[in-house]
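Protein chains in written order, with my numbering: chain B, 0 to 491; chain P, 4 to 494.
In case anyone wonders, no lab produced these hints; they're calculated from the structure.
Backbone N, C-alpha and C fix where the C-beta goes; we use that ideal spot for every residue, glycine too.
Incorrect hints may have been included.
Said to hold, decoys possible - Derived CB-CB ranges, DEER-like:
1) L22(B) x K451(P): 53 to 59 Å
2) T191(B) x Y55(P): 27 to 33 Å
3) P449(P) x P477(B): 57 to 63 Å
4) D300(B) x V430(P): 32 to 38 Å
5) G69(B) x V430(P): 53 to 59 Å
6) L470(B) x V419(P): 25 to 31 Å
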Amino acid sequence: MSAPNMLIDAAIITPLLAVAGILVFARMPNIREGVSILAGVALLLINVELYNSFNDGQALTRHWVDIVPGLSLSFKIDALGLLFSLVASLLWPVTILYAIGYMRGHKEDNQTRFYVCFAVAIAAVMAIAYAENLFTLFVFYEVLSLCTYPLVTHAGTEKAKQGGRIYLGILMGTSVAFFLPAIIVTWLVAGTLDFQAGGVFPEQTGIALLSLLLVLYVFGVAKAAVMPFHRWLPAAMVAPTPVSALLHAVAVVKAGVFSLVKILVFIFGLDTLQQIPATDYLLYLAGAGVVLASLVALRQDNLKARLAYSTVSQLGYITVGALLAVESGVVGSAMHIATHAVGKITLFFCAGAILVASHKSNISEMAGLGRRMPITMIAFFIASLSIIGLPPTAGTWSKWWLLTATLETDQLVLMAVLLLSSLLNIAYLLPIPLRAFFPGAAQTNDGAVAIKEAPTASLIALCLTAGACILLFFFPNPLFELVSQIFTEGSQ
Amino acid sequence: MLSHLPILQVILPLLGAPACLILGRGKIAWLFALLVSALSFCIAAMLLHTVYHQGVISYALGGWQAPWGIEYRIDLLNAWLLLIVSGSSTVALLAAQSSINVEIAPEKQTIFFVAWLLCLAGLLGILATGDAFNVFVFLEVSSLSTYTLISLGPHRQSLWAAFRYLIMGTIGATFILIGIGLMYIMTGTLNMQDLAQRLPLASDSSTVFTAYAFILVGISLKLALFPLHLWLPNAYNHAPSIVTTFLAASATKVALYLLIRFTYTVFPSHFSQIDIPLEEIFIVLGITGVLSASVAAIYQADVKRAIAYSSVAQIGYMVVGLGIGGVLGLQATLLHVFNHALMKATLFMALAAIACRIGVTTLTSMQGLGRKMPWTSFGFVVGGLSLIGVPLTAGFISKWYLVSAAALSGRWGLVVLIMVGSLLAIVYIWRVVEALYFKPAADSTPIKEAPLAMLLALWLLVFANVYFGIDTRLPVSISAEAATALQEGRP
Numbered sequence: 000m001s002a003p004n005m006l007i008d009a010a011i012i013t014p015l016l017a018v019a020g021i022l023v024f025a026r027m028p029n030i031r032e033g034v035s036i037l038a039g040v041a042l043l044l045i046n047v048e049l050y051n052s053f054n055d056g057q058a059l060t061r062h063w064v065d066i067v068p069g070l071s072l073s074f075k076i077d078a079l080g081l082l083f084s085l086v087a088s089l090l091w092p093v094t095i096l097y098a099i100g101y102m103r104g105h106k107e108d109n110q111t112r113f114y115v116c117f118a119v120a121i122a123a124v125m126a127i128a129y130a131e132n133l134f135t136l137f138v139f140y141e142v143l144s145l146c147t148y149p150l151v152t153h154a155g156t157e158k159a160k161q162g163g164r165i166y167l168g169i170l171m172g173t174s175v176a177f178f179l180p181a182i183i184v185t186w187l188v189a190g191t192l193d194f195q196a197g198g199v200f201p202e203q204t205g206i207a208l209l210s211l212l213l214v215l216y217v218f219g220v221a222k223a224a225v226m227p228f229h230r231w232l233p234a235a236m237v238a239p240t241p242v243s244a245l246l247h248a249v250a251v252v253k254a255g256v257f258s259l260v261k262i263l264v265f266i267f268g269l270d271t272l273q274q275i276p277a278t279d280y281l282l283y284l285a286g287a288g289v290v291l292a293s294l295v296a297l298r299q300d301n302l303k304a305r306l307a308y309s310t311v312s313q314l315g316y317i318t319v320g321a322l323l324a325v326e327s328g329v330v331g332s333a334m335h336i337a338t339h340a341v342g343k344i345t346l347f348f349c350a351g352a353i354l355v356a357s358h359k360s361n362i363s364e365m366a367g368l369g370r371r372m373p374i375t376m377i378a379f380f381i382a383s384l385s386i387i388g389l390p391p392t393a394g395t396w397s398k399w400w401l402l403t404a405t406l407e408t409d410q411l412v413l414m415a416v417l418l419l420s421s422l423l424n425i426a427y428l429l430p431i432p433l434r435a436f437f438p439g440a441a442q443t444n445d446g447a448v449a450i451k452e453a454p455t456a457s458l459i460a461l462c463l464t465a466g467a468c469i470l471l472f473f474f475p476n477p478l479f480e481l482v483s484q485i486f487t488e489g490s491q
Numbered sequence: 004m005l006s007h008l009p010i011l012q013v014i015l016p017l018l019g020a021p022a023c024l025i026l027g028r029g030k031i032a033w034l035f036a037l038l039v040s041a042l043s044f045c046i047a048a049m050l051l052h053t054v055y056h057q058g059v060i061s062y063a064l065g066g067w068q069a070p071w072g073i074e075y076r077i078d079l080l081n082a083w084l085l086l087i088v089s090g091s092s093t094v095a096l097l098a099a100q101s102s103i104n105v106e107i108a109p110e111k112q113t114i115f116f117v118a119w120l121l122c123l124a125g126l127l128g129i130l131a132t133g134d135a136f137n138v139f140v141f142l143e144v145s146s147l148s149t150y151t152l153i154s155l156g157p158h159r160q161s162l163w164a165a166f167r168y169l170i171m172g173t174i175g176a177t178f179i180l181i182g183i184g185l186m187y188i189m190t191g192t193l194n195m196q197d198l199a200q201r202l203p204l205a206s207d208s209s210t211v212f213t214a215y216a217f218i219l220v221g222i223s224l225k226l227a228l229f230p231l232h233l234w235l236p237n238a239y240n241h242a243p244s245i246v247t248t249f250l251a252a253s254a255t256k257v258a259l260y261l262l263i264r265f266t267y268t269v270f271p272s273h274f275s276q277i278d279i280p281l282e283e284i285f286i287v288l289g290i291t292g293v294l295s296a297s298v299a300a301i302y303q304a305d306v307k308r309a310i311a312y313s314s315v316a317q318i319g320y321m322v323v324g325l326g327i328g329g330v331l332g333l334q335a336t337l338l339h340v341f342n343h344a345l346m347k348a349t350l351f352m353a354l355a356a357i358a359c360r361i362g363v364t365t366l367t368s369m370q371g372l373g374r375k376m377p378w379t380s381f382g383f384v385v386g387g388l389s390l391i392g393v394p395l396t397a398g399f400i401s402k403w404y405l406v407s408a409a410a411l412s413g414r415w416g417l418v419v420l421i422m423v424g425s426l427l428a429i430v431y432i433w434r435v436v437e438a439l440y441f442k443p444a445a446d447s448t449p450i451k452e453a454p455l456a457m458l459l460a461l462w463l464l465v466f467a468n469v470y471f472g473i474d475t476r477l478p479v480s481i482s483a484e485a486a487t488a489l490q491e492g493r494p
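All chains should be built: construct the whole structure from the sequences, respecting the hints.
This is the structure we're talking about:
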């Protein structure tokens with residue numbers, strides 16, 4: 000076994016080593032968080048090294064154990080997985096940095112448990128990203144659900160427990176009721192669960208069966224938050240903001256859409272997908288979800304709830320892109336996984352910063368905040384632009400590809416849907432920073448309370464991610480090159 | 004010495020029982036019983052090893068050759084079950100002392116261990132022997148000692164539960180005896196191998212057919228196959244906690260073994276294929292048992308009773324596998340026999356630990372225990388996950404094989420029903436998890452974590468549940484070979 004293959008183990012084990020370190024230094028917060036950040040940086044380096052090896056054309060695989068013949072825990076590096084793992088491991092240390100400011104500023108309890116669960120979640124994300132087959136993916140998908148549960152219920156209040164129950168209930172329920180049966184049927188029909196270029200189903204598989212499977216997968220992977228199984232995401236917003244930021248804007252939801260894209264491309268295959276009638280219906284369902292979630296977001300006054308519904312809507316873009324079943328659509332989806340991640344995590348960071356600094360969580364109370372928290376609000380503005388898809392921010396590129404894909408497949412209705420949703424994005428995001436800076440005459444009554452910017456650590460983190468939004472606009476090439484390899488690796 | 008292993012397997016606990024009585028009460032009796040059980044386990048492991056590598060062992064008792072003498076015949080099937088039964092007895096005994104100190108009066112503790120060893124001897128005897136009448140004898144040994152064990156339970160209802168089991172169990176045993184008698188009339192032999200050769204010659208007679216029916220119904224009673232399961236929830240619920248742990252992991256498995264032995268080895272195969280649609284009956288009864296018992300489990304206020312109902316459901320899965328038949332179906336059943344022993348022992352062990360500390364196992368009394376008894380509670384959760392069939396636990400493996408077997412035989416409706424069964428399991432396990440972790444404690448009295456011996460036994464089982472969910476070479480290879488041998492050896 001060569002060294003690069005060992006790196007796959009390292010990518011999964013590094014966050015777990017961090018767990019050990021966090022537990023050992025539980026009583027020394029500075030060292031404890033230092034361990035987390037160190038592990039985060041190490042993980043990023045490992046993933047970059049994997050990326051380099053992958054670009055050198057090495058086939059990287061790692062086989063752990065055969066559970067029964069045909070079912071194994073094994074891993075393989077591919078472009079989509081690298082994209083996901085790089086995004087997650089890039090944002091993990093940044094989030095820890097942010098969390099230091101937030102958790103201490105907010106005086107949260109049980110911080111050790113918080114960092115432990117966080118690290119375990121990242122390990123699960125790495126395993127999902129590099130999973131070679133559906134079984135491995137499923138196992139760690141469940142691990143991710145379970146280890147993020149204590150994070151959702153972190154506050155320990157009745158409301159948190161209620162949210163946690165919905166969270167776990169929907170995620171586990173759908174995965175057992177839809178996802179697992181779909182996997183079992185896939186195995187029985189195709190005889191394999193390995194992700195393969197062009198899909199795994201034999202030619203003569205019935206269209207009705209494939210349709211059924213497609214529906215089961217799309218609803219079974221509830222982490223992708225396809226309506227009507229999206230309720231867990233707003234429910235998860237009771238969690239501390241760093242959790243909402245990394246897990247419920249990046250790791251968990253992206254694990255969902257990543258799994259979905261992976262299944263659509265490598266289990267069904269785009270050619271098969273185009274022939275299944277259910278694809279169209281699901282496409283319209285996802286499109287309807289995009290608009291509906293945006294409309295709901297528009298009506299939320301709680302900032303985190305609004306961002307949550309915005310996430311539901313943006314995840315819909317990714318699902319739509321993959322269901323279009325053309326390469327440009329998948330490329331758009333994959334890029335949106337990355338660009339939405341940096342944008343949405345910035346927005347959540349800002350929401351948390353506002354909460355810590357001013358104890359405000361409702362949008363209606365935030366008018367005029369811009370003077371006291373200029374950096375936060377500027378970052379919010381930049382990230383909003385990225386989510387909307389306006390230059391000079393990263394979101395431009397992914398939306399561009401997605402729109403191209405709708406044109407390519409003559410889905411003009413969907414194109415209109417995506418454009419409409421972008422307009423709605425403007426309506427529910429931009430007023431927040433604008434009114435913060437230009438509150439109008441009546442809104443200057445906050446002078447009595449001294450509101451300052453959030454803790455420095457948090458501020459640095461949100462500047463970093465906001466900077467990334469702009470940086471990715473000017474230098475999208477590495478991202479694009481990686482994504483465009485999704486379809487070439489079959490020929491390697 | 005080594006060639007006498009088959010008889011040592013049975014004689015050791017059989018002689019251990021009176022020796023235990025002489026040794027006296029308290030810790031010594033416990034240590035002695037544990038030692039005997041552990042030795043039995045070692046013997047079973049050696050037998051399995053020998054059979055796996057060298058094939059079937061035939062042992063003539065007292066040197067009298069079969070079919071006149073009694074033959075002990077160990078093949079992969081019963082070697083596999085010998086290991087399961089002696090293993091679950093050993094693990095349960097490990098925790099027994101701590102548990103019965105709370106539940107059983109000191110003067111009855113010696114009797115308890117004597118009855119336990121007799122029960123073990125009986126169960127191992129049923130498995131080891133190749134003689135139909137000998138089966139009945141050991142069945143009675145194990146049954147009578149089981150009634151004693153159950154009646155030693157802490158509640159007044161224990162006596163009633165033991166009595167009801169006695170009535171049902173005696174009817175079952177009598178049916179089996181009638182069946183064996185009828186076979187003897189027709190063939191003049193009691194040796195199973197001999198019966199297998201002679202029965203086809205007489206198979207047209209209604210007497211043999213009647214014998215078959217009696218034996219099937221008798222075994223189904225002992226097996227607690229739906230709708231003959233009503234004795235089981237009571238017996239399991241009111242027995243001493245640690246007895247339930249042992250019985251749930253072993254007693255019904257032995258009855259299932261008899262079912263397999265009689266349908267596959269003794270009786271001609273066309274019996275179960277043409278004369279009665281036995282395979283369809285098994286599937287229908289099995290899946291009805293799965294669904295109805297799972298629903299019943301959801302509505303129980305007492306967790307121990309709920310898990311007992313779950314046992315009826317799990318027996319349903321095993322019988323479904325038997326009904327699907329073929330190597331794959333049989334293999335699924337044999338895998339589930341093993342995995343179910345692991346998961347049920349885990350769950351009942353956790354409940355025994357809880358009963359040991361708070362005296363009852365009702366859902367309301369278990370509220371908030373997740374914080375007070377973290378190790379026990381988490382052990383229960385892992386056992387529950389295995390019961391549901393979550394990947395990386397043992398339960399997943401047998402479900403996987405069962406679903407594969409059902410699908411490959413073209414029974415897609417059955418696949419769906421098996422899934423529904425798993426979903427129901429989620430509901431009744433989730434109720435407990437919710438009580439353990441999400442409900443506030445009923446009162447703030449301090450509760451200590453379970454005694455060390457119980458935790459040790461529990462976590463041994465928890466570890467086994469996860470280990471055999473990942474490294475499945477041992478159960479899968481043995482069950483595959485045993486199933487193949489049964490299928491090929493079918494007369």
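In rising order, the numbers of the hints this structure does not comply with: Violated hints: 1, 5, 6; rest satisfied.
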